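Based on the sequences and whatever the hints tell you, model everything.
There are 2 protein chains.
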Amino acid sequence: MNLPHVVIIGGGFGGLTAARALRRLPVRVTLIDRANHHLFQPLLYQVATAMLMPGQIAAPIRQVLQRHRRAQVVLGDVTGVEAGRRQVIYHAGESGQQRLDYDYLIVATGVRHSYFGRGDFEPFAPGLKTLGDATHVRNRILSAFEAAERETDVAKRRALLTFVVVGGGPTGVELAGAIAELARVAMKEDFRRIDTRLTRILLVEAGPRILPSFSEDLAAAATGRLRAMGVDVACGSAVEEIDDGGVRVGGVAVAGRTVLWAAGVEGSPAAAWLGAPRDRAGRVQVRYDLSVPDRPEIFVIGDVAAFEQDGRQLPGVAQVALQMGRHAARVIEARLLNDAPPPPFSYRDTGNLAVVGRNYAVLERGRLRLSGYPAWAVWSMIHILFLALPNMRASVFLQWVWSYVTGQLGSRLIVEQKFSSSSGRSSRSGG
Amino acid sequence: MNLPHVVIIGGGFGGLTAARALRRLPVRVTLIDRANHHLFQPLLYQVATAMLMPGQIAAPIRQVLQRHRRAQVVLGDVTGVEAGRRQVIYHAGESGQQRLDYDYLIVATGVRHSYFGRGDFEPFAPGLKTLGDATHVRNRILSAFEAAERETDVAKRRALLTFVVVGGGPTGVELAGAIAELARVAMKEDFRRIDTRLTRILLVEAGPRILPSFSEDLAAAATGRLRAMGVDVACGSAVEEIDDGGVRVGGVAVAGRTVLWAAGVEGSPAAAWLGAPRDRAGRVQVRYDLSVPDRPEIFVIGDVAAFEQDGRQLPGVAQVALQMGRHAARVIEARLLNDAPPPPFSYRDTGNLAVVGRNYAVLERGRLRLSGYPAWAVWSMIHILFLALPNMRASVFLQWVWSYVTGQLGSRLIVEQKFSSSSGRSSRSGG
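If you're matching them up, the sequences are chains A and B in order. By the numbering used here, the letter at position 227 of the first sequence is numbered 724, and the numbering carries on one by one without gaps. By the numbering used here, the letter at position 193 of the second sequence is numbered 690, and the numbering carries on one by one without gaps.
These aren't lab readings, by the way, just hints derived from the structure by calculation. All figures in this text were calculated on a predicted structure; none of them were measured in a lab. Where a beta carbon is used, it is the ideal one built from N, C-alpha and C, also for glycine.
For each label pair, taking beta carbons as the anchor points, the in silico distance ranges come out as:
| hint | chain 1 | residue 1 | chain 2 | residue 2 | range |
| --- | --- | --- | --- | --- | --- |
| 1 | B | R745 | A | F613 | 54 to 60 Å |
| 2 | A | A652 | B | R564 | 30 to 36 Å |
| 3 | A | A725 | B | R564 | 26 to 32 Å |
One side of the interface only, derived from the structure: several residues of chain B facing chain A at Cβ under 8 Å:
| hint | residue |
| --- | --- |
| 4 | A555 |
| 5 | Q569 |
| 6 | V571 |
| 7 | E591 |
| 8 | W899 |
| 9 | V912 |
Heads up, simulated EDC-like pairs for lysine to aspartate or glutamate below, C-alpha to C-alpha not over 16 Å straight-line:
| hint | chain 1 | residue 1 | chain 2 | residue 2 |
| --- | --- | --- | --- | --- |
| 10 | A | K653 | A | D741 |
| 11 | B | K653 | A | E591 |
| 12 | B | K626 | B | E763 |
| 13 | A | K653 | B | E591 |
| 14 | B | K653 | B | D741 |
| 15 | A | K653 | A | D740 |
Right, here's the structure in full:
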């Protein structure tokens, strides 16, 4: 077949939506990702806090694209793009370096944590982007309670029962709320020497308030709810130091053995591969049709794209990636069929949601503002509907109902994997 | 409280049953395990072959013993027993070496793989005992298909699509059957360059036939079923060599990139700690009441105990461990209450079951012999009923129904975890 070849880098919301949208066109599609699964990132914090199992929020990309006969899936780690030769360079396990020719390229590689120049924080303050990250954080959180139960020294025990979440965006708020639920509800009967209800959770935000993407009254409602759950919310102070003993915030040292990073992201190295103009966070500044300046055959979508609308950068949320994926496919379609190009990309805001513990969320859509139980019900419904496969939807729904009724968690495992050897080397998490 | 203290090492079937059976007695119980979860080992092969998620077959030990107020759970790695001082020595993360006094000790540490003196096989032929093992094997199997899809060299591709299972006991038979299902049913639509139905699966057994613990006609039925599923069953030849290119069996080299070990087990180091008499497989030879000679306060139960009945060693199955756990608790009860000791331990055989792929099992109980669908239905029911927590039962049941109807698997993830750092160090899988 000599159909035009569209290569998509990344099987997240943007890449997968683009692949699906290209389904009816006379093109071959190759989707390449480091991971074999599409990850439903909005629920990743629930894996990290032992509510859900990894398999409940991840769908094998091959399975999602099973019926799309002209789509290939490649498990590989992209290391560069040679735009002049229209080639993607990737590394694939023992096969080593490979090249893939393209006619159109869609870059949907997402973002990674940014420690704002303090990469030395990373080993002490893991972030949350991949399933590997989430199980690592889950191990850390659960192990801290185990160590506290064994510890006889009061100060050390206190440090083990102190959790610091850095960053007051939705991820930070959701993590802090979920740890509070874990400690106060799900595990309260399980230990004999410690009282998990005395767990201290500190949410640190450098800006003047949490949830800056929400209106002030909703942010205030979320702050009140977090405080009622026993979370200390500290705004206006940046974290100055992090080490294995804790953090220093606004000149004050806090002894805490588990520190989680939810403070910032930066574009993947994709931007550097393309030599395209980037913003300060390393995201690619795309044109009105999501293509890269002077490279009309290369599109950048999702979190790694910087796109300004009404004077504001579009946020790094699933909806933006979904709409961008559809738009890029539409632009390619118009070019292939010699149709008039679609109007410039314009994000249709579908609203903003964040969960604060159990049964409480904040929701903002246009002028509509909701907080509390109704927002949480909407949040639950939307998140279940957007899971990629029907068995995931059923499984997460039943898990939530079960946990709601019993107060028990879904997956409280501490599992450390072995190092992979020989043939396992080709697999990598992330992407 | 100065109640007598019973320490149980290991939270498997034996240890957990003993802990539960001691519930009504005036004793303190401490259960110590390297893992934070009880693992339902009979279904571990389903995690390794992507049918179930790890969380579906593992229950947090704390949660299982939540209402047993006099039971403590300690996450720790036992390194020795000082029987003279009645102390267990264990390592617990950063707390380092700890000691625990006991009045009664129940050793239920299980077994580990034995490579019969060929430890150099291990990196090339992983076995299946812990959740970490299972996700590692799952990564290996799924990655082999991914690498085959990328591979252009025909011979290399063939080797990537060749799986060798060493050992024809129930675990080996179940693994081989499950890989055949994976290749022939669940993934048959997912690849574009390879036909997964051409996957070669070789089951190697050194003895004259597979399933030696079953009667000959059932073993023959299972062999026939495996062959019908495309599994090559090779009996009477031992594996002579294993490396990253494949195996040598009976002088013949077989190129296969994925080799799995299900050939043998040996007792945990527990036997050596106790200085007790051991059999050739390193299991502790226990007395009629499951205690260790000259140490009436130490009991050894489950797979790590060697117990002969009617001239045969009891097999390493869950039912033996369960019955031994209850018996040890009964002996302790009689001693505490100064009652007459219970009659010597005697295993009541509840039967023997092995699954061969989908919808087919062999079952033997006394003179009853069943093969095919009815045996499989019994197997499914029993395995669901014995899961430790009700949510596991519901979840595995629904997963199986779903997979039965759709042919899809439950959890086809390739996830490599990060190395653990600092506070994660205390957690270990296994036990």
